[in-house]
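Q: Okay, here's what each chain looks like letter by letter:
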Amino acid sequence: MKYRLTLDYTVPEGTLAPYFDALRQGRALAARCASCGTTSFPPRPVCGACGGREMAWQALTGRARVVRRADSENGAFALARFDGADELATVALANPAERQAAGRLVAPPDARPGLWLHLENEDDDHA
Amino acid sequence: MSGVVVAGGAMTPFNRRKDGSGMRDWARAAFFDAVSDARLEARDIDALVVASESDFFTLQLNPAALIADELGLFGIAAQRVEGGGASGHLAVHAGAAMVMAGRARRVAVLGLEPSASHLPGAAVGALYGLSFDAWTDGMTGVDATSLYALSVQAFMEETGAGQDDFAAIAVRNRGNARANPNAHLPLDIAAADVAASPVIAQPYRRLDCSPLSDGAACVILAGAAGLPDGGAGRARIAGMGVANDRVRLGERARPGRFEAKGVAMRRALAEAGATVSEIGLAEIYDSYSGAQLQALDGLGLREDVVRAEREGVFAADGALPVNLSGGLLGQGAPVGATGVAQVLACALQLEDRYFGRRVATPPRYALADTHGGVATLNAVSLLEGAR
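If you read the protein sequences in the order shown, they are chains C and W. The numbering used here puts the first residue of the first sequence at 1, with every later residue one more than the last. The numbering used here puts the first residue of the second sequence at 1001, with every later residue one more than the last.
FYI, nobody ran anything at the bench for these hints, they're computed from the structure. Mixed in with the good hints, there may be bad ones.
[As the list claims (entries may be wrong)] Covered stretches of chain W (in silico footprint by chain C; criterion: 3 or more residues with CB under 8 Å from a CB of chain C, positions within the stretch not fixed):
1. 1147-1155
2. 1197-1208
3. 1240-1250
4. 1257-1265
Note that beta-carbon positions come from the ideal geometry of N, C-alpha and C, so glycine has one too.
Using the sequences plus the hints, can you model the full thing?
A: Pasting the structure below:
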C-alpha cells in the first residue's frame, strides 16, 4: 500500500524563545548560571554543571573556533567553541567549501533552528 | 540478582524485506516462535512489552495495543517502550521489572521496526537526526554518521585507535554474520574493501556503518515458578543497568568516550554480584565500527581496548568474543528489535544452542550492551547461564 503523510509543525519555544529570536537574527545568546557561573551555548534552562535553575541571558560575540569537523553528503558539521561559552556546540557549516578553523554565527537558512557557522579568517572583521 | 529467566525467544531474519511481508507478519512470527521455544502457549502470556523506536517508521501509534490484538492477546497488560536505539533493550528491562515486581508471571518482550522498507533511506536519516537534540542538532540536517564521526575523532586522538582498527571490526563482524542465517550483511570482505568503500563522514566509510533493517525479535521472560519446568537449562538475567549521558555531544567533558556506559555497567555488575573478568562473551552496540571500540572502552571491559583489539581479544577465538551474531554491522539493525535480539543471542549462547557462530565454551556471564543517540541512553544486561 502507499500512504503519504505531510506534516507542518508549529513548535512553541517556551523559555528558550529569546535564544531562538536572537538566533534568527544571527546573534548568539547564551545562558549563564547564577550559582556556578557556567555559560552554556546553546543555553540550558537548568545548569548542566551544578543543576542551578537561576539562569541569566548573556550575549556572546558569535565568534567560534572549530575543534572538529565532519563532512558528509548531508553537509558539513563541526564541534565548535564559541567565545565566552564553557562547552562545545554542534554547528552546521554555512560555507563548507572553506577550511578555516574559525567562524561566526549567522542566521540559519529558512529560519530553521540550529547553529550555523560561517567560516572565515580569524582577523576578518564582520562586526 | 533479578532471577528473571529468559524462558525462550526467536527472531525473524533482519534484512530489507522484498518478499511482501510486513511488520505485523514479523511480529507474529517472532512471538509465536518465541512462545513455542519457551515451551508455553500464547494463553500463558499475561503481559506484552512492545519496543519500537518511532511511529514515523511504523506508521502506527499505540503499537502495543495493536500488536496484542494481532497476536490474539486480550485482557493482558500491554505497553510500549521507547528509548531510541536502546528501545528493545529497555523493553527487556521493563519486562523483567514486571516479573520481579510480581505484576506478571510470563512477559513477552517484542521488538520490531520497519527501518528499511517503509520509507526511503534519506527520510529515515532525516528522522534519525531528530533523535539527538532536535532543536539544536536535528534541524540543521545533521546526520547520525557525522555526529558519530565527531565523537570517534576525539576517541582516536586520545587512544591512538585508527581506521585500520575500525576496518578490522567491520570485516570481523560481517564475517561472524556469515554463520547467522538471520543476518542482513553476511559478507566475506577484507580491510581493503572497507578502505575502498565511499567516505560517509570522515573517518567513516560505507562499510563502517550498520545498515537499516526490517525485522522483529521476541523473548519470553518469567520467574522460575512461572515455568512448567522451573526454567531448567535456560539463562537468566542476573543484572541490569541503565544510565544516560548529555544529549549534546559538545557538553560532554570527553566527547569521544561513552562514559555513561560505565555507569550502567557498574549497576549491572553490582546487581549480578559479578566481575568483569567473569564475562566471556559480549553483544555490543556497533552502530559504527569505531563505536564498538568506544563501547568496549566505556564499559570498562579492558584497560586498553585498542591494544586488546589488536591482540585479538575480541575475536571469536579470543578471551572475550564480541558480536558473534555479527552485531549491528553484520546482523543488522531494525531498531526496536535490536536490543531484544542481542539479549536473545546472549541467552542462547549461554545455553549452547545459538543458531549462529557459537562461543567455544559457554562462559558464566554474557553481556548485552545497547544505546540510543551517541551513547546517550545506555542499557546493559548481564545474563548468566544455568548451573
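Q: Could you run down the list of hints and mark each one as holding or not?
A: Results of checking the hints against the structure:
no.	hint	result
1	1147-1155	holds (count 5)
2	1197-1208	holds (count 3)
3	1240-1250	holds (count 4)
4	1257-1265	violated (count 0)
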